[in-house]
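Undergrad: Here is how the chains run, residue by residue.
Protein chains: 2
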Amino acid sequence: MIKLKLAILGVGLIGGSFGLAMKAKLGSEIYITGSTRTKESSECAEKMGAVDKSYTDNISAVKDADIIYLSTPVLQMVPIVRQILPHLKKGTIITDAGSTKQYIANKLHAILPQDIYYVSAHPMAGREKSGVSAATKELFKNRCYVIIKDREMPVPEKVMEKVRTLIALTEANITELDLVQHDRCASIISHVPHITASALVWLLNRNYEDIEACIKLAGGGFKDTTRVASSNADMWSDICLSNSVEIINNLQTLQDIINDVITAIDSKDREKLYDYFSLAKKTRDRIIKESKNIYEIE
Amino acid sequence: MIKLKLAILGVGLIGGSFGLAMKAKLGSEIYITGSTRTKESSECAEKMGAVDKSYTDNISAVKDADIIYLSTPVLQMVPIVRQILPHLKKGTIITDAGSTKQYIANKLHAILPQDIYYVSAHPMAGREKSGVSAATKELFKNRCYVIIKDREMPVPEKVMEKVRTLIALTEANITELDLVQHDRCASIISHVPHITASALVWLLNRNYEDIEACIKLAGGGFKDTTRVASSNADMWSDICLSNSVEIINNLQTLQDIINDVITAIDSKDREKLYDYFSLAKKTRDRIIKESKNIYEIE
Numbered sequence: 011m012i013k014l015k016l017a018i019l020g021v022g023l024i025g026g027s028f029g030l031a032m033k034a035k036l037g038s039e040i041y042i043t044g045s046t047r048t049k050e051s052s053e054c055a056e057k058m059g060a061v062d063k064s065y066t067d068n069i070s071a072v073k074d075a076d077i078i079y080l081s082t083p084v085l086q087m088v089p090i091v092r093q094i095l096p097h098l099k100k101g102t103i104i105t106d107a108g109s110t111k112q113y114i115a116n117k118l119h120a121i122l123p124q125d126i127y128y129v130s131a132h133p134m135a136g137r138e139k140s141g142v143s144a145a146t147k148e149l150f151k152n153r154c155y156v157i158i159k160d161r162e163m164p165v166p167e168k169v170m171e172k173v174r175t176l177i178a179l180t181e182a183n184i185t186e187l188d189l190v191q192h193d194r195c196a197s198i199i200s201h202v203p204h205i206t207a208s209a210l211v212w213l214l215n216r217n218y219e220d221i222e223a224c225i226k227l228a229g230g231g232f233k234d235t236t237r238v239a240s241s242n243a244d245m246w247s248d249i250c251l252s253n254s255v256e257i258i259n260n261l262q263t264l265q266d267i268i269n270d271v272i273t274a275i276d277s278k279d280r281e282k283l284y285d286y287f288s289l290a291k292k293t294r295d296r297i298i299k300e301s302k303n304i305y306e307i308e
Numbered sequence: 011m012i013k014l015k016l017a018i019l020g021v022g023l024i025g026g027s028f029g030l031a032m033k034a035k036l037g038s039e040i041y042i043t044g045s046t047r048t049k050e051s052s053e054c055a056e057k058m059g060a061v062d063k064s065y066t067d068n069i070s071a072v073k074d075a076d077i078i079y080l081s082t083p084v085l086q087m088v089p090i091v092r093q094i095l096p097h098l099k100k101g102t103i104i105t106d107a108g109s110t111k112q113y114i115a116n117k118l119h120a121i122l123p124q125d126i127y128y129v130s131a132h133p134m135a136g137r138e139k140s141g142v143s144a145a146t147k148e149l150f151k152n153r154c155y156v157i158i159k160d161r162e163m164p165v166p167e168k169v170m171e172k173v174r175t176l177i178a179l180t181e182a183n184i185t186e187l188d189l190v191q192h193d194r195c196a197s198i199i200s201h202v203p204h205i206t207a208s209a210l211v212w213l214l215n216r217n218y219e220d221i222e223a224c225i226k227l228a229g230g231g232f233k234d235t236t237r238v239a240s241s242n243a244d245m246w247s248d249i250c251l252s253n254s255v256e257i258i259n260n261l262q263t264l265q266d267i268i269n270d271v272i273t274a275i276d277s278k279d280r281e282k283l284y285d286y287f288s289l290a291k292k293t294r295d296r297i298i299k300e301s302k303n304i305y306e307i308e
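Going down the list, the sequences are from chains A and B. The first sequence begins at 11 in our numbering and counts up one residue at a time. The second sequence begins at 11 in our numbering and counts up one residue at a time.
No wet-lab data here; the hints were simulated from the structure. Warning: the hint list may mix true and false statements.
Copies of the same chain are indistinguishable here, so a pair counts whether it falls within one copy or spans any two.
[Claimed, not checked] In silico lysine-lysine, BS3-like type, Cα no more than 25 angstroms apart, as pairs:
| hint | residue 1 | residue 2 |
| --- | --- | --- |
| 1 | 139 | 226 |
| 2 | 302 | 226 |
| 3 | 292 | 139 |
| 4 | 278 | 117 |
| 5 | 139 | 233 |
| 6 | 226 | 299 |
| 7 | 299 | 233 |
| 8 | 151 | 226 |
| 9 | 139 | 151 |
Only chain A is shown next, with the shape it has when bound in the complex (with noise of 0.2 angstroms):
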């Protein structure tokens, strides 16, 4: 039986648990090979079983595959493709994970030829913990994993067909957007929101005399919304340069909305910061709500 042949660019925590979720799945009609930055890495990712056999260079990985998996910050994407491009057999399937996606694609639009295909995609899924220790094969399990469709970049249906099978065996929730929809919304809801608990945790840095109380009072309010700022600087950084208009567009919005609060609050106008507080209450309600409907919340 001819296995399919499945190479993860990248076995951090979101590779390592795509790897993960697809052996918990398919099990040895798989075979999966990676490749990591460090030999140590690589260990890991195969005592975890997240792959068959790792690499610390992706030439190797790539060997025979039918599938690419490009779990690495999104910077270092396009340059891995071009090194491997001459590798691969024609009729291979590259799809990705990156946050930020008109980037990728456009810059792969342009070097791939007609035989190999790109199927743009990006789970909403992770954890401020990351390496492929901390991959689980429930990463994806009720999240939304996102799939790409746009008119200016079509892809055979076929092909489209075998990538969402692949990406459904995680239990994700799959949803399709276009290329400008996705990194606008993720801006929105994961992008800025990234920046700004940094931002916040800064503003302690900023403080830096009443770090210590600050530290003892800081309660489940500022661990909650600053939680996120544990996460991958490397990641971050090439989020921020790959959706650079998007995300300094709604980071002014914010400036704006944090600006019209500031004159609220001098002005001392308590009408307007209780709809402020309300109207965010009831959104943020609402969202969880049709969350709840959508996905199974843990």
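Mind docking chain B on chain A? Use the hints.
TA: Only chain B this time, still in chain A's reference frame:
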């Protein structure tokens, strides 16, 4: 045996939880009265066992009380004290759970006679739910509970000791701060994060065309970062108005931080972005670690 008589004015999440904690430890050694805005809340408070008897007027609630626990939104506290003052016996101790301290302390200091004591305090505990039905005797357990010790407003040591003893029954970790430091630190680790969480939800509202797609995409990161945006609007409007100087000051510092990020993204300064995210990660990881050493974290 002369029971201790406690009156909880504003039996909501905080007041209700305090009552439940007292009853759990002192049982029939303490007699608790309460006041609520509505008859339904009073009935709920009694049914839950947070109080022995609850009223919809403060004067009935404070009759013969030894200790008064103020747990209404901050701006209601001073008017309530004015209202009940003629009905308090000599030696009554007033303590509060307000999230801002200078505002209340300054005003009470001006109106309280020498034989009525005020111990300013703030439990760093809460949930995004509100109301007495959300109350639990464990709310304060292992959380920080600030008791103010301020040279400008000294309190007799035996009075402080009485309040400390009661608060200790909640199994909270008691920390002492002065008024100014409390308000400054609270603005950094609680007030500004809450305002910012609501601002991130408002960012979603400002992009209303994308709301449906955003709701599908919104994962754990968005939900954690905005969790406290589901908090009570009355409480938070009052906090903003009663700690306005510190809050505006720190919101402006937050805006400076965000401006620096915008500049770094715009000038494609990856190094600056990397430092931004990695230092935030370092600081936050340290806070979590040090908190674990002080408190048991769930």
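Undergrad: None of the hints should be skipped; say for each whether it holds.
TA: These are the hints, each one checked on the structure:
{"no.": "1", "hint": "139 - 226", "result": "both (24 angstroms within a copy, 23 angstroms between copies)"}
{"no.": "2", "hint": "302 - 226", "result": "between (34 angstroms within a copy, 11 angstroms between copies)"}
{"no.": "3", "hint": "292 - 139", "result": "between (31 angstroms within a copy, 13 angstroms between copies)"}
{"no.": "4", "hint": "278 - 117", "result": "between (51 angstroms within a copy, 18 angstroms between copies)"}
{"no.": "5", "hint": "139 - 233", "result": "both (15 angstroms within a copy, 17 angstroms between copies)"}
{"no.": "6", "hint": "226 - 299", "result": "between (33 angstroms within a copy, 12 angstroms between copies)"}
{"no.": "7", "hint": "299 - 233", "result": "both (23 angstroms within a copy, 12 angstroms between copies)"}
{"no.": "8", "hint": "151 - 226", "result": "between (36 angstroms within a copy, 14 angstroms between copies)"}
{"no.": "9", "hint": "139 - 151", "result": "within (17 angstroms within a copy, 27 angstroms between copies)"}
The structure fails none of the hints (numbered hints given earlier).
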